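Q: Order-wise, the sequence lines are chains A and B.
Count along the first sequence from 1, add 68, and you get the number used in my numbering.
Count along the second sequence from 1, add 68, and you get the number used in my numbering.
It is possible that part of the hints are untrue.
Said to hold, decoys possible - Which bits of chain A does chain B cover? Going by a derived footprint, with three or more residues having C-beta under 8 Å, they are:
no., segment
1, 111–119
2, 134–147
Unchecked claim - Cross-link-like lysine-lysine pairs, in silico, BS3-like; alpha carbons within 25 Å at most:
no., chain 1, residue 1, chain 2, residue 2
3, B, Lys177, A, Lys89
4, B, Lys110, B, Lys89
5, B, Lys274, B, Lys285
6, A, Lys89, B, Lys178
7, B, Lys255, B, Lys87
8, A, Lys89, A, Lys323
9, B, Lys87, A, Lys110
10, A, Lys118, B, Lys118
11, B, Lys276, B, Lys256
12, B, Lys255, B, Lys89
13, A, Lys256, A, Lys89
14, A, Lys71, A, Lys278
15, B, Lys255, B, Lys276
16, A, Lys110, A, Lys124
17, B, Lys323, B, Lys87
18, B, Lys124, A, Lys118
19, A, Lys110, A, Lys89
20, B, Lys177, B, Lys124
21, A, Lys255, A, Lys89
22, A, Lys256, A, Lys87
23, B, Lys274, B, Lys255
24, A, Lys256, A, Lys110
25, B, Lys256, B, Lys87
26, A, Lys118, B, Lys110
27, A, Lys124, B, Lys118
28, B, Lys89, A, Lys177
29, A, Lys178, B, Lys71
Since the hints were made in silico from the structure, they are not lab data.
Please read these numbers as outputs of a predicted model, since none were measured by experiment.
Built from N, CA and C at the ideal position, the CB exists for glycine as well.
Protein chains: 2
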Amino acid sequence: MDKLFVIKVGGNIIDDEEKLKSFLQSVASVQSHKILVHGGGKIATTIGNKLGIESKYINGRRITDDDTIDLVTMVYGGLINKKIVAQLQSLNCNAIGLTGADANLMPAKKRIVKDIDYGWAGDIENSKLNAQSLTLLLNNEFVPVFAPLTHDEQGHILNTNADTIASSLAVALSGFYDVRLIYCFEKKGVLENVEDDNSVITNINKEKYKQLLDEQKLFAGILPKIDNAFAAINAGVHEVLIGDANDLIQNTTNKTIGTLITQ
Amino acid sequence: MDKLFVIKVGGNIIDDEEKLKSFLQSVASVQSHKILVHGGGKIATTIGNKLGIESKYINGRRITDDDTIDLVTMVYGGLINKKIVAQLQSLNCNAIGLTGADANLMPAKKRIVKDIDYGWAGDIENSKLNAQSLTLLLNNEFVPVFAPLTHDEQGHILNTNADTIASSLAVALSGFYDVRLIYCFEKKGVLENVEDDNSVITNINKEKYKQLLDEQKLFAGILPKIDNAFAAINAGVHEVLIGDANDLIQNTTNKTIGTLITQ
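The task is simple: from the sequences and hints, build the whole structure.
A: Encoded structure:
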């Protein structure tokens, strides 16, 4: 099977023009099939504030009301996505910007209202993910660049977590490619001691994860990433790596820097 | 050769939710290869005003400064484009939202500064238009939906007139398909008498065009559309039609309502 890298990059890199530029140079230089999934960044909040759209959160999760879905559709699907595409194209990387609505690549379900109405938040329907169209694009040397947006097949765009999109894509394509899912962020990997950037845990399996949770060593922000990583591994993805955006090139070769998640 | 309809729709339809919905139902029902190109609409100006971005025009042409290119990238490439894609998908039309940057489909040149600096305005380089990737998408039953944006291959998105994009696409694909280019707007066609909606001129060839210009019968807004239509015809496009968005279904059959442009 051909190698495929599914690369997720988060807001901290996107918000910094120089870091983003350097990161995209790394992405462009990867000599295999690849997919880039990008998060939102602070720019959506900045533009939202100017437009008088208040950011609403309940228990740390964004509430996507009517104004907010328009805002993120503009900013994630338009501004950030197309700027990344144009930059990658200038680096001879054949990027094509996409959301889950385009070519019906990622149908999702609007989150059901129980105690909290999350609004236009979408949970991906993994069984409906359109692997056929994705393989067609990949095998014709396109490089899909995904904004964290899906759709409900009823005509509405939905807001979906970028880590989850990356994980779902990796899973759906693991039957067709030898997939390595790479979560890129601003740290060298999952840290044993949050204060010490050099305390990277090189390998986390389920047992180790349980131990780290028991010891409460992990910082809160990393937990969903590790959960998504295990979801991917359990569903057949070959390798999941959590590492520094600056180490992307090394992490697409045999040398690995960061935290490898394994069964 | 297979039939291909290149359909351009303008701001007046896009700005009206009900008209847009009805128009997209027509687009979805067209049983041939098809490409939709959409314009901007007033929403960019409305959002720009809220963001404190002033719309600047010289001689009726928009000046695309740094803030404005970000604005139109968001609104055209994100908000409008993805909403149209999601709606078409709900109608079982396999839409894929694109700009000229995506898959390097439409490289353009930033307009050279002579007397006026138009900013990030792009003039399409017709010889560089990527017909190969477009035919790949079309032949795999994707329906490209273009926002009026291109790129300069140096990492920048450019603002490009939607009528011109439609014309350039029609020309580039006329070697591969039997192309009908359809400009949809809110009138029944080109009118002999602007006050009389029933005075549609059913056919305009070059001679007739010269005569109409001499008689100053045409309203100003229609001239660039007719110029683009002739540019397409001269460059090998089979048919160009200017007609009502409501008549799209009939205009993709043998029956034609509106103004047909011919040599």
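Q: Now look at each hint and say whether the structure bears it out.
A: Quick rundown of the hints versus the structure:
no. : hint                : verdict
1   : 111–119             : holds (count 3)
2   : 134–147             : holds (count 8)
3   : B:Lys177 / A:Lys89  : holds, 22 Å
4   : B:Lys110 / B:Lys89  : holds, 17 Å
5   : B:Lys274 / B:Lys285 : holds, 15 Å
6   : A:Lys89 / B:Lys178  : holds, 21 Å
7   : B:Lys255 / B:Lys87  : holds, 13 Å
8   : A:Lys89 / A:Lys323  : holds, 23 Å
9   : B:Lys87 / A:Lys110  : violated, 35 Å
10  : A:Lys118 / B:Lys118 : holds, 7 Å
11  : B:Lys276 / B:Lys256 : holds, 18 Å
12  : B:Lys255 / B:Lys89  : holds, 18 Å
13  : A:Lys256 / A:Lys89  : holds, 19 Å
14  : A:Lys71 / A:Lys278  : violated, 30 Å
15  : B:Lys255 / B:Lys276 : holds, 20 Å
16  : A:Lys110 / A:Lys124 : holds, 14 Å
17  : B:Lys323 / B:Lys87  : holds, 22 Å
18  : B:Lys124 / A:Lys118 : holds, 20 Å
19  : A:Lys110 / A:Lys89  : holds, 17 Å
20  : B:Lys177 / B:Lys124 : holds, 21 Å
21  : A:Lys255 / A:Lys89  : holds, 18 Å
22  : A:Lys256 / A:Lys87  : holds, 15 Å
23  : B:Lys274 / B:Lys255 : holds, 21 Å
24  : A:Lys256 / A:Lys110 : holds, 22 Å
25  : B:Lys256 / B:Lys87  : holds, 15 Å
26  : A:Lys118 / B:Lys110 : holds, 19 Å
27  : A:Lys124 / B:Lys118 : holds, 20 Å
28  : B:Lys89 / A:Lys177  : holds, 22 Å
29  : A:Lys178 / B:Lys71  : violated, 37 Å
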